[in-house]
Amino acid sequence: MKTLDEVLSHMDDPNYMIKELNTIERLVHAFHMKTMWSSIRHKYEMNKNSPPTSSDVCLCALDVENNGVLTMLRYIALIFREPELIYGNQLEDYGRNKMSVLGHAMLCGYHNVRCGVEPNQQPKTRIQDVNE
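Counting in the numbering used here, the sequence shown runs from 1 upward without gaps.
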């Protein structure tokens with residue numbers, strides 16, 4: 001109920017959560033994220049209570065400033081909060097497929113960060129590929 005209340009309390013705020021989504025899409029996203037966080041909670045608690053030793057974890061995995069993790073988080077935040085900066089008016093053309101477009105963009109962003117493409121550069125995968 002807390003998740004439902006949180007989303008419905010902001011249903012008239014166009015800037016709440018992921019910009020450009022309707023209330024149903026925001027609810028779906030909120031419950032999806034709740035499921036994701038619940039599914040990783042056990043691993044998180046294990047690592048919190050018994051942190052891995054430095055020999056168990058590669059130092060590059062912990063270097064989020066240089067391994068692409070922070071870059072990807074910034075890219076995802078940009079997609080969610082300012083999709084028009086990435087898509088311009090194209091987002092309106094997708095109507096009901098906005099979640100697919102945003103999800104596709106995150107996957108492309110992950111691929112492009114791993115391949116050395118910065119978020120402000122042209123992605124390697126076309127947005128038109130979403131509906132094909």
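Source of the hints: derived by calculation from the structure; they are not laboratory data. All C-beta atoms in this analysis are idealised placements derived from N, C-alpha and C, irrespective of residue type, glycine included. Be a bit skeptical, because a hint or two may be false.
[As the list claims (entries may be wrong)] With a straight-line cut-off of 30 Å between C-alpha atoms, the simulated DSS-like cross-links for lysine-lysine are: (1) 34 - 19; (2) 2 - 48; (3) 48 - 34; (4) 2 - 19; (5) 2 - 34; (6) 2 - 43.
[Unchecked claim] Simulated DEER-style distance windows between Cβ atoms: (7) 81 - 3: 36 to 44 Å; (8) 23 - 53: 20 to 28 Å; (9) 28 - 66: 33 to 41 Å; (10) 51 - 84: 15 to 23 Å; (11) 16 - 70: 19 to 27 Å; (12) 77 - 28: 13 to 21 Å; (13) 88 - 59: 39 to 47 Å.
Need the list of violated hint numbers for this structure, in ascending order. 7, 8 and 10
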